[in-house]
Amino acid sequence: MVLQRERPILVWGLAEPGARVEVAFDGDRAHATAGADGAWRVSLPARKAGGPYAMRIDDGQAPRELRDVLVGDVWLASGQSNMEWPISQSADAQAEIARATDPLIRHFKIPKSWSGTPEWQLAGGEWIASSPAVAGEFSAVAHFFARELRRSEGVPIGIIDSTWGGSAIEAWMDAATQGIDGDAQAALAETLKADDERALAQAREHLARWHLPADDSGWQATELDTTGWTAIAVPGLWETGGYNGMDGVAWYRTTFELSAAEAGRGLTLGVGRIDDTDTTWVNGVEVGTTESQYNLARVYPVPASALRAGANTVAVRVTDTGGGGGIHGPSDELFLQPEGGARRPLDGAWAFRPAQVTALALDDDKNQRPTLLYNAMIHPLQPLPVRGVIWYQGEANAGSVEQALAYRQQFPDMIRQWRAQFDAPALPFLWVQLASWHSGGDEGDSSPWAVLRESQSATLSLPATGQAVAIDIGDVDDIHPTNKQDVGKRLGLAARRVAYGASVVDQGPVFADAQFAGGAAQLSFDADGLAVRGGGALQGFQLAGADRRFHPATASIEGDRVIVRSDAVAAPVAVRYAWSDAPVDANLVGASGLPASPFRSDDW
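Residue numbering for the sequence shown follows the UniProt record's numbering, starting at 1 and increasing by one per position.
Bear in mind the hints are in silico, worked out from the structure with no lab data behind them.
Misleading hints may appear alongside valid ones.
Claimed, not checked - Label-pair distances were calculated between CB atoms; the ranges are:
#	residue 1	residue 2	range
1	Leu460	Pro63	46 to 54 Å
2	Leu188	Asp475	34 to 42 Å
3	Ser446	Gln409	16 to 24 Å
4	Asp423	Pro52	21 to 29 Å
5	Gly154	Gly518	50 to 58 Å
6	Ala537	Leu66	57 to 65 Å
Note that beta-carbon positions come from the ideal geometry of N, C-alpha and C, so glycine has one too.
Let the sequences and hints guide you as you build the complete structure.
Dropping the structure here:
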């Protein structure tokens, strides 16, 4: 493990009531007597970075010894899928895994868990030293962040990974902070558990009809005997078909008819959105595969050589790693379209067969419900000394402008609450601003993602905070951009300034003021200089007059200011920059090359 340097080392646990517990750590000793509830806690002196050491905990009956204990800096990494996202699914995965040879970077992954009441202990997890054998499953952002700190600080770095993909911020906050009834939440959780057990019983009943093989190779064959397969509605997650909580591999099959002329021309096949990974065959010929894109519609070209006149067979092997699974999305994304012909629907009842079930546990919407993740995945950390928090979340709270505005209060409230738990009022808290992505909710001047980014930036008013702007390193077509290296670097810069007091530039230009005169807006910034990423014209600006209608604008850098004009706005009164879900054209940067944060001068 890694323990936090220069802070008292807290050790706690449960023992028989009245038991005397002694903790020894590299010559330091402390003891406590377990209370009536068995709880005990000791505090050992703070120490500088070092190790490895051993720690011995002895209650007089079953002593335990922990070896290979380092003292360094411990960071809590939390949020939703972009923080959870592993190295193995990120850019340059194989090269990064091969580079992960530093055993002084250590990760502790908290398993996904939930509870209606604050838990005393984590559901599980273990410390793992970085190596190419294991690093593929580490949080990519957290690992690249740790790598930056190893370079700058030179001490062991421990990452506690407490993440859950798709989670809303409400799930990471306690009941009191949200002003909700904790007892009512606990009662609701008991109801949810009972509902889950009924749903899982149904899934077990469905699965009992089959022997689930270890090897499903050959199931794509056209002549495969599918006697015993069942029908399932497509599109629709397999949970809606009664396979609640099922993770692993399952197969889908259907057929379609072609004339000889159509078969000779080839076609385009749409098999919908697939959660998470698929390989698709037509008549036993592989036509496409897509990995870990749960919300991407698959469209594959099928050559004439794979087709035949008459009946043709589609086989789809689906691998789900958590949450919902199967073929889903709009019905019109399931189709075939012969070359030069019209689309034909492929939705309806498909043949279905589970193959390799790796888990049967419900987590469905628990990550959306208030308090449930906090109770099981944050509260059990108790007052563990940590150096700081890195956070990447907000996508789940950007479904509407109203949600995004509420985040402006929720986010600082959560930070204050966590700081109180860890007994660290100035605990460094760093986060990633939402990257660019076409959410589908961006309409006219209304962008939920822009408002959410603004809510994130507003939270910088709290002390000891930092933000990594990421609008330039996202993927407009993928909510999970694979470039996690730059995210880790930018968080590392923020940590060096906020947590370690280094004199480094960790952010691009920050909007300070707008003056409107002479048909133009003159903008000033807190910045280390102003530049255009890649050269060329400055882009991403809009102006509005008194009618509050925004129009694209031209902009130029003049000294330490940006001057913005629009032929469509004779008398501007408001300016916006990068104000959309996916502001990919926005290219204002500082001398450091870091991007300017999106902003607006109005509060409309």
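Comparing the hints with the structure gives:
no., hint, in the structure
1, Leu460 to Pro63: 46 to 54 Å, "48 Å, holds"
2, Leu188 to Asp475: 34 to 42 Å, "37 Å, holds"
3, Ser446 to Gln409: 16 to 24 Å, "20 Å, holds"
4, Asp423 to Pro52: 21 to 29 Å, "27 Å, holds"
5, Gly154 to Gly518: 50 to 58 Å, "54 Å, holds"
6, Ala537 to Leu66: 57 to 65 Å, "59 Å, holds"
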